[in-house]
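The chain contents come next:
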Amino acid sequence: MEDMKEIVRTYVVNEYVEDDTEVTFDTPLISGGIVDSFSMVSLKRFLENKYKISIPDDKATPEAFDSVNKICMLVKEFTKE
Amino acid sequence: MSNIGSYDERIKNFDWSIAEKELDYQPGNDINIGWYCSDRICELGKGNKPALIWEGSQGQGKRYTYNELRLTSNGVGQFLRDIGIQPEDRVCLFMDKIPELYIGFLGVLKIGAIVQPLFSAFGDESLIVRLDNAQTTAVITQRKHAPKVRKILDKMPFLKHIIIVDADPAKPLGEREIAFDMDNAPKPEKFHIHPTKAESPSVLHYTSGTTGQPKGVKHVHYSLISQYLTAKWVLDLQDSDIYWCTADPGWVTGTSYGIIGAFSNGVTQCVLDAGFSADNWYKFIEKHKITMWYSAPTAIRSLMKAGDEVIKKYDLSTLRHLASVGEPLNSEAVIWSEKVFGKPFLDTYWQTETGSIMITNFPGMKIKPGSMGKPFPGITATVIDADKFEPFDGPGKVGLIAIKPGWPSMMRTYWRNEETYQKKFRNGWYLPGDRSSIDKEGYFWFVGRDDDVINTGGHLVSPFEVESALLEHPAVAESAVVSKPDFVNMEVVKAFVTLKPGFEPSKDLDLEIMNFVRKKLSPLAMPQEIEFIDSLPKTRSGKIMRRILHAKEWGEEIGDTSTLEND
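So the protein sequences, as listed, match chains A and B. Residue numbers for the first sequence follow our numbering, so the first one is 1 and each next one is one higher. Residue numbers for the second sequence follow our numbering, so the first one is 82 and each next one is one higher.
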């Protein structure tokens, strides 16, 4: 799980952060304005490709994507199956 | 009692001089939006009234009274003058929804310079095209967005200043950069407002078309007349209101009604600079006791999607009036808002070029869910035949929306593109590029765009711009971009792509191309779906037939394919 968190955190920093904003596992991503609702689609696609899962649209909510921790919990739900 | 009172009575007796008189403006006098939105409200004795209540994504907050708005915008004006900004120079605001954006807007106008607001999520390609077209003299931005400007600095010899409002004193500034801390800068009590006149340029907003580069829509200070009165009669802004316009001032709603309409009416407005979450939005309404809420169909549908349970956690009883803008508001959303908020969202129709609301639902008027409503008093709007450019002689026929030019906030031209501006007029009508019908009672019903421009979440995206960006990716041989239906955003961008030899379709390539466009243009322009195909449908003369791809996405009839290359 820690590995996954670091992978997701690194991806978010590399793809969506343009300055030196620090992103922790709990940093609000969507409500904090780091990832907007349109860009969420590319983040979802990354998770699906990386973890070979399919996240249904109704599970890919702004709330479920609002931090690295929450994202990893969501991914875990689908990797278990 | 609503401000407009009886719509039918207003129609009979309307003249724009109503707004001029209320604003104590006489034709020929000076008119400066920056002054009207701050100094004038103080002169009316409301200097201590809260003007702007701002909340950031981390819960931090700032408040400004009208007097502070006046003084701080004076400080912005003074700073800009001191560094040599001249009247009619273009000054770009490239910031998130932070107080500096709202106050900077007024400060730029106060010295007679032209404000060029740009959406802070724009990538470097979107930025350079717009700054180059405007030959912008200065950009006011934040530390977090400065890297995008630095990246294209070499291509902008005309850009003299990059003004950073939150510079880190511990770090050196880059080339042409200058730090400006708005809150702590000198705030002159007495400040010479540039004597702009009705036709002096004020705001330059960029909008996308089907072909060619984005167009700079030039507005003038006289636009205030329309923006003030429509905010008063449609948004029904009243002295006691706590107003929340959710739009970003990178787009026209955020300036016409998030700044000019709100402040010229002297109301208290709240701004939330945070990403969307239903909980956060409802919490914000409850906390600040919002009474008037102007939002967008995309946001409303996102709230619908979040469900009704979350609403019950908050006290939203202060809301007295709701309105919507950006794209057609579907009837389900109107009915839903009546159910959960006890009042409908009233749809308003207008665009960047019109500068203010044109066709709308008014407080007190019979609402037909899904309808755009009726023309604002003083606006002559109809639907015309697309071939003859003549109004239809009866109701119910679908044609082009047409508006008689001459209202105060009408754009004056496209910046350095008069030819395209002239093409917006036919047979004495201004054509916004949308199709609709009018029913027997005079209500307008939106049908769709008359071109290939994609309206996603209320923002126009040019397929041409996206296709051009796609072609810069090393794997892409050809591309065609169309809209596809989406519950929340009404439409989203979809790209059809053929690959160069040596590249194979894959999920990783798909993501790589998505991110490539997102960074180059903006998240709005990023294709939400990419379909790799062997060849694009083309005419025999080699023109890509977007129409066919669009029809497939929307489940429509493909129509005439006689000119198709491989038919």
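Watch out, some of these pointers could steer you wrong.
[To be verified] The calculated DSS-like cross-link candidates involving lysine-lysine, where the alpha carbons are at most 30 Å apart (straight line), are:
1. B:102 <-> A:52
2. B:588 <-> A:5
3. A:52 <-> B:565
4. A:44 <-> B:364
5. B:633 <-> A:52
6. B:102 <-> A:59
7. B:102 <-> A:44
8. B:485 <-> B:102
These are computed hints drawn from the structure, not numbers from a lab.
Status of each hint after checking the structure:
Restraint check for residue 102 of chain B and residue 52 of chain A: not satisfied, since their Cα atoms lie roughly 66 Å apart, outside the 30 Å limit. Pair hint residue 588 of chain B plus residue 5 of chain A holds up; C-alpha atoms about 22 Å apart against a cutoff of 30 Å. Straight-line distance between C-alpha atoms of residue 52 of chain A and residue 565 of chain B comes to about 25 Å, which keeps the hinted pair within the 30 Å bound. For the given pair, residue 44 of chain A sits about 27 Å from residue 364 of chain B by alpha-carbon distance, which is consistent with the 30 Å threshold.
Taken as a hint, the residue 633 of chain B and residue 52 of chain A pair is honoured in the structure, with Cα atoms around 29 Å apart against an allowance of 30 Å. With a C-alpha separation of about 54 Å, the suggested pairing of residue 102 of chain B with residue 59 of chain A is violated against the 30 Å cut-off. For the given pair, residue 102 of chain B sits about 54 Å from residue 44 of chain A by alpha-carbon distance, which is inconsistent with the 30 Å threshold. In summary, the hint linking residue 485 of chain B to residue 102 of chain B is supported, as the alpha carbons are separated by about 23 Å, within the 30 Å threshold.
Hint compliance for this structure: hints 1, 6 and 7 are not met, and every other hint is.
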